Amino acid sequence: MSGLTPDISEYATRESMVHQEELTFGKWLGNIWKAVSTCFKGMMITGKYIVARKPVTIEYPEVREELPANSRSRLFNDVDNCIACLQCAAACPVDCIYITATRRDKEAPKLKTDDGTPLKLDLKQYTIDTALCCYCGLCTTVCPTECLTHTTDYEFAQYTLGEMKYDYLAEDIRAWKHRVRG
Amino acid sequence: MIEIDGKEIGDLSSFNTEKIKSDLLTLNMGPQHPATHGVLRVEIKTDSEIIAEATPYLGYLHRCFEKHVENVDYRGVIPFVDRMDYLGAMGMEWGYSLTIEKMLGTEVPRRAEYIRVLVAELQRIAGHLLFFGTYAIDLGAFSPFLYAFDEREKILRFFEELSGARLLYNYVWIGGVWNDITDDQLRRIKKFIDNFDEELKVFHSLVGENKIFIERTANVGIVSEEMAYQYGATGPVLRGSGIDWDLRKKRPYGIYEEFDFDVQVGRGEKGTLGDCWDRYDVRVREMHESVKIVRQCLEGIEEGSIMGKVPKVLKVPEGEIYMRTECPRGELGYHLVSDGGKTPYRLKVKSSCFTHVSMLPEMAPGQMVADFVASIGSIDIVLGEVDR
Amino acid sequence: MLNEVASFLNSAVSGCGATAHTPEVGHGHVLVESAHLHACAKALNESDEFDMNVLQVVSGVDYPERIEVNYMLASFTKNTEMILKVKLPKTSPTETVEVDSVVDIWKSANFLERETYDMLGVVFKNHPDHRRILCPEDWEGFPLRKDYVVQKEWEGMEINPAHKVNSGDHFFFKDVIAKMGGDEKKVTYSWKSDAEA
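Chains as they are written, first to last, in my numbering: chain A, 1 to 182; chain B, 1001 to 1388; chain C, 2001 to 2197.
Treat each hint with caution, since some may be false.
Unchecked claim - Mimicking PhoX-like on lysine-lysine, the simulated pairs with C-alpha atoms at most 20 Å apart in a straight line are:
#1 Lys1201/B - Lys34/A
#2 Lys1201/B - Lys48/A
#3 Lys1270/B - Lys41/A
#4 Lys2179/C - Lys1250/B
#5 Lys2078/C - Lys110/A
#6 Lys106/A - Lys2164/C
#7 Lys1315/B - Lys1342/B
#8 Lys41/A - Lys1292/B
To be verified - Derived list of chain B stretches under chain A, where covered just means 3 residues or more per stretch with a C-beta under 8 Å from a C-beta of chain A:
#9 1181 to 1195
#10 1239 to 1248
#11 1275 to 1284
Just so you know, these hints were derived from the structure itself, not from any lab. None of these values were measured; they are calculated from a predicted model. Glycine is no exception: its CB is placed at the ideal position from the N, C-alpha and C atoms.
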């Protein structure tokens, strides 16, 4: 039934079929020897790894990895030092930082940031939508008072999209300050 | 008379079997398929085990970043170009920065140039190690993947210390680099590099010299010189076809002309020139060359600033430019059209993976399905760059 | 080099109107008439002097009155590269423009031209497989045109549905302005878009 077998020459010729040399008995034995010897060599290398190598993985939930100090993970804004200059929002390539501030009353007591910059605006809203954030770090580099920084926290999965929104004026997030700033 | 189970089913002697043609079987490979290295769908028409026709369908990872960056200022584009070839992000950033610097006429400090070469070559090693590991998996060997990832992890850890991220670095900036490199880090790279050269030889003897691996890759997926030119192949695919073409040598950018290294081309050692084994071999030997460049970098690195003079509000003068750089997976080109504003008017990316995918319909016919997997693996595509 | 290419093209292809443009900043290009593009490309590919054996990328750029299609050609034997440009005038935003395909000269043009069609609506005549490549086949409009508006619905699916986008806080500044007695000057805020919630 020759007509039922596929005629591969119709499409193209399979390269390895074309280039195959004639198989003699000596070559056949040689091939087997090569296959066995190279596989044995590979097994020796793998064996060395089994015996001589220490495990490089860690058992995650029990053992937690410390990320390097300048690792770009969850953002933290120290709102006490924020002067609402909007530079971070302007630098953000995905526009995920929302800031609202009002002008400070002239009669109100004068406030300064840690590095001595006077506060002229009252921060009313500082929200970062971390579901949109791409962790590029451009916002932290433009911050003049260095209040916006990346922390090394890496476990912040949430159940809903709304929870991914961080309101840095909220008390519980403000409380991170001592942990993050040391 | 033909009988089946004792029943006569008729006389087939007058039946002309020559006229029966077996139908082609349409098979969808992907989008979720481990051998396509991402979300690539290839519709293959097979005749039993032999492929008659293959049509790649792209776009499963299409973000249209070219449209998005038209609304982002020039510095903000860098996080987006990272996400094209996420396994070779340093090269992507360098190419983009080079394009803007050329338009602005910015001079990059020597130290920054050295750091750029250093990270780009380490990235090339990391990218090729990933190819090495996943290619072995494609062909059925699992443990080389683990060994390669162990070494790659060391490079990624170093990048994480340097830039803060493991894959999407945003490290090479317009005019220089973000963070300075410390002496301690340089010492650790030296230690890694010294160890890595030996390790790589072990890797090669584990995979590249294995008879089964050679049988699976030699004489498979041949890209001839003519075909490589026709399809605009670049990088290891072009060099695997025996063409001595490397942008780092032929059109040096950065400070590559100061480095002493060889361009590795395919030799057709185990089969025909331009087959899968040649492409694998070129990549392995390229890693050795990268080690050489990193060594020279560590010796020659100069003190100084890491950021050139770039205006705070970036406005690129009106005009157009096409710059290309040699990335791990091939040449990467940026065609930038500027109207003098703060954002690019048009940024078109020439992606080497995209042109390599277009070779698949010509490589596939006549191959076995398993050989086709080897062919896809050997051109080493990253779908983030194909679809952009 | 661009001037030599232009004079070569003018002598090889009559009426192609090749002109070389060399700006002060960036790279120059050779502009040819769109009707003679295929002949010019063939001449450049076949000439021994230039030997443009590689088409690297086809890059379309949308302008209000025209679409420019750039062909990045390179010679890997002579180590040269150049930009060949055609200008295709368009009268209305939705209109597609036409130019000859160069697939028969460089096979890499197949995917590259399909991408340019998909993104910018440039129809390539005599292309063997003229389909969209990155967007779905039944997508409307051409995304990289400047006046592109994304469609509302695709195959019964809403595009950018509201429940997938975090919103609400974006317009917090409006409440603050209202609280301040409607005085916008007293409030600074980061939200730039004019879009309503």
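Checked hints:
no. : hint                  : in the structure
1   : Lys1201/B - Lys34/A   : 19 Å, holds
2   : Lys1201/B - Lys48/A   : 15 Å, holds
3   : Lys1270/B - Lys41/A   : 19 Å, holds
4   : Lys2179/C - Lys1250/B : 65 Å, violated
5   : Lys2078/C - Lys110/A  : 70 Å, violated
6   : Lys106/A - Lys2164/C  : 42 Å, violated
7   : Lys1315/B - Lys1342/B : 5 Å, holds
8   : Lys41/A - Lys1292/B   : 27 Å, violated
9   : 1181 to 1195          : violated (count 0)
10  : 1239 to 1248          : violated (count 0)
11  : 1275 to 1284          : violated (count 1)
The structure is inconsistent with the numbered hints 4, 5, 6, 8, 9, 10, 11, although it conforms to all the rest.
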